[in-house]
Amino acid sequence: MTDKPKQPAATGPVLLAGGNPQIAKGYGNAPVQAYIAAMPGWKSALGRRLDALIERAVPDVKKAVKWNSPLYGTEDNRYFLGLHVYTSYVKVAFFRGAELQPVPPGGSRQPLVRYLDIREGDSLDEAQFVAWVKQASRLPGERM
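Per my numbering, the sequence shown starts with residue 4, numbered consecutively.
In short, the hints are calculated from the structure, not lab data.
Among these hints, one or two may not hold up.
What the hints assert, rightly or not - As a list, the in silico BS3-like pairs of lysine-lysine whose alpha-carbon atoms are at most 25 Å apart: (1) LYS69 to LYS28; (2) LYS94 to LYS137; (3) LYS28 to LYS65; (4) LYS69 to LYS94.
With the sequences and hints as input, model every part of the structure.
Okay, structure coming up:
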């Protein structure tokens with residue numbers, strides 16, 4: 004019987020289906036930054052950009068990672084926005100997006116949730132994104 008060669012130790016977080024980083028549940032900026040750093044390829048730069056825009060729009064934003072997704076809110080355990088990585092895009096979920104003006108373009112099976120899917124090479128309308136974030140931050144957050 005021969006010993007199997009040992010696999011090298013994994014460096015960094017495991018990427019789940021679609022390239023979504025597997026980050027342990029945590030509260031505050033550190034786990035969100037770990038998630039963003041582990042986003043594959045162009046998505047990491049987009050994650051940094053979105054995070055900076057959210058912080059600029061809501062300076063006292065509260066952050067967490069739950070269910071392998073960064074969440075942003077104005078109260079502990081109540082969130083207005085989340086990010087999630089897929090193979091060819093990053094999904095921004097506005098948890099009460101149906102109440103935003105204009106309503107973000109992506110529909111959901113959940114009546115209040117609306118999505119913004121951002122693909123490589125898409126131009127992000129930063130002014131519109133910041134306006135949505137500001138509006139969303141003033142609505143009641145979703146308990147998660």
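Here's how the hints hold up against the structure:
A C-alpha spacing of about 5 Å is found between LYS69 and LYS28, which places the hinted pair at or below 25 Å, so the restraint holds. For the hint pairing LYS94 with LYS137, the CA-to-CA distance comes to about 18 Å; that is within 25 Å, so the pair holds. As the CA atoms of LYS28 and LYS65 are separated by approximately 14 Å, the hinted pair is consistent with the 25 Å bound. Distance check on the hinted pair: LYS69 and LYS94 sit about 15 Å apart at the alpha-carbon level, within 25 Å; holds.
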